Amino acid sequence: MPLSLAIIVVVLPLVMFLFLGLVGVKMGRKITGVIGVLAMLVDTILAYGVALTYFFGSGQGQIVDGVRQAVVVANPAWLSFTDTLVVRMGVLVDPIAAMMLVVITTVSLMVHLYSLGYMSDHDGNAEKGFQRYYAFLALFTFSMLGLVVATNIFQIFVFFEMVGLSSYLLIGFYYSTPAANHANKKAFIVTRLADLFFLLGIMILSYYTKTFDFDQLVFGPTMSGSLETAQSAISTTGGATFMGCSVVAWALTFIFIGGAGKSAMYPLHIWLPDAMEGPTPVSALIHAATMVVAGVFLVARLFPLYVLVQGAMNVILVVGAFTAFYAAAIACTQSDIKRALAFSTISQIAFMMTSLAVSSNNNSLIEIHHGQGLGYMASMFHLFTHAMFKALLFLCAGAIIHAVHSNENSKMHGLHKFMPITSICFLIGCLAIAGIPPFAGFFSKDEILVAAYHRGLGWGLWMSMVACMTAFYMFRIYYLIFFWKKHEVHDEHHAPKDQPWTMTLPLIILAAISFVAGWVPFHDLVTWDGKALDTSIDYTVAGSSVAVALLGIGLATIMYRKENPLPERMANAMRGLWTASYKRFYMDELYQFITHKVIFQGICVPIAWFDRHIIDGFFNLLANATNSLSFGIRRLQSGSIQVYVYVYLIGALLLGALTMIFVLF
Amino acid sequence: MESLGNIILYFIVAIAIIAFSVLTVTTRKILRSATYLLFVLFATAIIYFQMDYQFLGAVQIAVYAGGILVLFVFAIMLTHKPGQDADVLASHRRWLGLSAALGGVALCGYGLFSYAGFIGKSIAGSSVDINMEKIGQFLLSTDKYGYLLPFEAISVLLLACIIGGVVIARRR
Amino acid sequence: MDLTLYMYLIPSLIMFGCGVYGFITRKNMIAIMISIELMLNSVDINFVLFNRYLFPGQMDGMFFSLFAIAIAAAETALALAIIINVFRIAKDVDINKITKLKF
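Chains as they are written, first to last, in the numbering used here: chain A, 1 to 665; chain B, 1 to 172; chain C, 1 to 103.
Hints should not be assumed to be uniformly reliable.
Using 25 Å as the maximum straight-line C-alpha spacing, the simulated BS3-like pairs for lysine-lysine come out as follows [said to hold, decoys possible]: (1) LYS411(A) to LYS597(A); (2) LYS134(B) to LYS144(B); (3) LYS81(B) to LYS100(C); (4) LYS486(A) to LYS497(A); (5) LYS531(A) to LYS411(A); (6) LYS417(A) to LYS562(A); (7) LYS29(B) to LYS91(C); (8) LYS27(C) to LYS134(B); (9) LYS97(C) to LYS29(B); (10) LYS27(C) to LYS81(B); (11) LYS583(A) to LYS597(A); (12) LYS30(A) to LYS185(A); (13) LYS97(C) to LYS134(B); (14) LYS27(C) to LYS29(B); (15) LYS27(C) to LYS100(C); (16) LYS27(C) to LYS91(C); (17) LYS81(B) to LYS29(B).
For the record, the hints were derived by calculation from the structure and aren't laboratory data.
These numbers were taken from a predicted model, which means no experiment stands behind them.
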């Protein structure tokens, strides 16, 4: 299968967006959804074909001298400003792009299928706006695919904005509810703010290096990640500095801020929990599996540059490690299951960021040592597995919410008997994210921890602690949903049950993927420089990580398996901490305070007052003066001939008087 | 020294002009207004006769008093019901008119009596002889003081007025 | 006692003043025309007076009066025709109520 099919993979969702968006209204709701699913199925098959051809196919010459090369399938010029400043829109297939194609199309297909059931009521009638929903899903898929196959940083930016837009549209799908409107505005504004920094970073970087293209920034002559290329790109800046840091460090930090906005890194994470106002499949697709890893992808794409700029990498490391812990701490107390999963997502993405960031500990080293390459690989591996099991968890949550019509775990409890399939799938997701072998999360998380221990014992212990918390909060959610106490059924007819096959099938498929994804040989396939990485399981780390996971699970089992007063007692014992965690450490309130009290009232209100009263006042004065003058003059132009004559006579008399005074005297 | 008859005639004319002029513009009945105007015009004609311009006086009576006044009366009859009174004037309107009229009269009177040296001139005893033949020759002469051109212009103007009058008054 | 120039000028002046007053105060268009006639008449008198007193040998003032009378007659005829036409359309001769052509 030729790699150029990647173009079709990218463009097909765009065609579907246009088709469903323009023609969908004329068609029935169900048929629109079916067409969307079928198109996505074709797209997924093509994407798998492309990925398999790239990784395992022969003849395309992807592997030269043991180095896996990137393939530029197409790279037409899009905007030609000058001879040197050309923005291209291309399709690039390299290990992470191929991997992302698989992730995006798989999750998107699952979500497309799942939505057939989820976006319908219990009688199977599709909701209002069904066609719009599918059109937006296709738009998002297109944007995300365009992002990952970008051949230059500007193309990434363009698609970055587009995923932000489609995220905005989908969060606000229920646009008649105020909460959804607030949430999508919040998401859009926060990510736009971050994207502003991204744009600044792009401009700084491209101004000094005179290029947008990855093949001049990070790809060596062999079309794989190359520190020499990155080094020469950095050296074109001529060592320019700004406020004590090199411009490259500034540019890369700004680009990371852009990525942090999309990937919900502290302190730009505030939009993600609110984004759960959107339909749950959307949360699974956008806010768990794909869009939120765009920031990770961005850093991975520019990895050779980041490796050489330790300052920027340290920023990422600190932010990532802190966010992982912070989000995990919040996830331990949330009662809204989607929000708990959202914080879990933030924490896991922070894992990936940290894993990337531990790869740098030397400024001048051209040869990158084992642990560093491992961090990159582990991050991408975790991205892959996390996308699968987090999508699974969200889709399970969606099925539960669809069954009980509430996001609060207090309305659930003891659902295991009613929804066995969902329960088992959820359990698989939980085991995967907790890192229990042989589920997918174990392998990827283990690699991350290995990389972190390579960087330093402190980082390793820190991340192990977060891994323990991960296991704890995931099983807390699991037990609170499915066990804890007997589910109270008020009405036999409306008792919760497993959802129709359109919703259950994706769960089973994703659960199966979560089960087996850990055996994908990522160290052979996805590495930063294209060379296969020699890894073997480090049993010390593996054993300890399984131990901490079991510790977390055990703790959760003791506390939440059956209804008991222990959690309440724990909460009372650490009331302040518990409340702070439940209130998400008051970050939203802090933002609210900063935006409303400081920015709005302190800055905007005076400016608005100045604008309204001084600027507008001045022009209003002009207008009013003109107006009243005109009204005054208008009275003279009364149209009454007699008044005219009177005025004329007075004038004539005055002239006569003047003549007498000046001439006759 | 003027003859006594002339002086008495002058006073009658002067008082008539003043009185009827004022009445013309103050009466609230439009038909009376026209009638008072007729008297003013007659008095004016008498002044012309006193000035020895008999032809002009005759024209004044024939055209003005005879022609225009009849037009006025017709117009009034066509547009007014009998016994229709004009509204009482609003006071601001009256003050407007009074100020303009009195201001004008005061200024002109002051100018006349202050600066015009000829104001006290008299024509007692002199006379001019203007007969129809002379007027006719001047009107149709192209010499110095000849009025052929204005005469022709006036005739064209009158023609235009006739046509205009016909067009305006025609029912459509 | 001589009949001097100013003795004639004063009635003429007052007649003119009355014309002004009438023109400004009256609302009836025909009354306004009458006021105009008063003013014209006063001017005619002045022409004649100045001719007779200051240049008795010439006849310019008299001719001017003559022409003025002719033009006044034409103008009045036309104006009254217009007024009657307006009355036909607007059913009124009040100058303040004829506002169809205003603005």
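Checked hints:
1. Only pairs whose Cα atoms come within 25 Å are accepted, and LYS411(A) paired with LYS597(A) is rejected, the gap being roughly 36 Å.
2. The suggested pairing of LYS134(B) with LYS144(B) holds, with an alpha-carbon distance near 14 Å, which does not exceed 25 Å.
3. In summary, the hint linking LYS81(B) to LYS100(C) is supported, as the alpha carbons are separated by about 24 Å, within the 25 Å threshold.
4. Taken as a hint, the LYS486(A) and LYS497(A) pair is honoured in the structure, with Cα atoms around 15 Å apart against an allowance of 25 Å.
5. A C-alpha spacing of about 51 Å is found between LYS531(A) and LYS411(A), which places the hinted pair above 25 Å, so the restraint is violated.
6. About 14 Å separates the Cα atoms of LYS417(A) and LYS562(A), which keeps this hinted pair within 25 Å; it holds.
7. Straight-line distance between C-alpha atoms of LYS29(B) and LYS91(C) comes to about 19 Å, which keeps the hinted pair within the 25 Å bound.
8. Of the supplied pair hints, the one linking LYS27(C) and LYS134(B) is violated, its CA atoms being roughly 44 Å apart against a limit of 25 Å.
9. Between LYS97(C) and LYS29(B) the CA atoms are separated by roughly 19 Å; this keeps the pair inside 25 Å, and the hint holds.
10. Restraint check for LYS27(C) and LYS81(B): the C-alpha separation of about 16 Å stays at or below 25 Å, so the hint holds.
11. For the suggested pair LYS583(A) and LYS597(A), the alpha carbons sit about 20 Å apart, so the restraint of at most 25 Å is met.
12. For the hint linking LYS30(A) to LYS185(A), the alpha-carbon distance of about 30 Å lies beyond 25 Å, and the restraint is violated.
13. Between LYS97(C) and LYS134(B), the direct Cα distance comes to roughly 50 Å. Violation of the 25 Å bound is thereby established for this hinted pair.
14. Distance restraint check for LYS27(C) and LYS29(B): the Cα-Cα separation of roughly 12 Å lies within the 25 Å cut-off, and the hinted pair is therefore satisfied.
15. A C-alpha spacing of about 16 Å is found between LYS27(C) and LYS100(C), which places the hinted pair at or below 25 Å, so the restraint holds.
16. A hinted pair counts as satisfied when its Cα atoms are at most 25 Å apart, and LYS27(C) with LYS91(C) qualifies at roughly 14 Å.
17. Distance check on the hinted pair: LYS81(B) and LYS29(B) sit about 11 Å apart at the alpha-carbon level, within 25 Å; holds.
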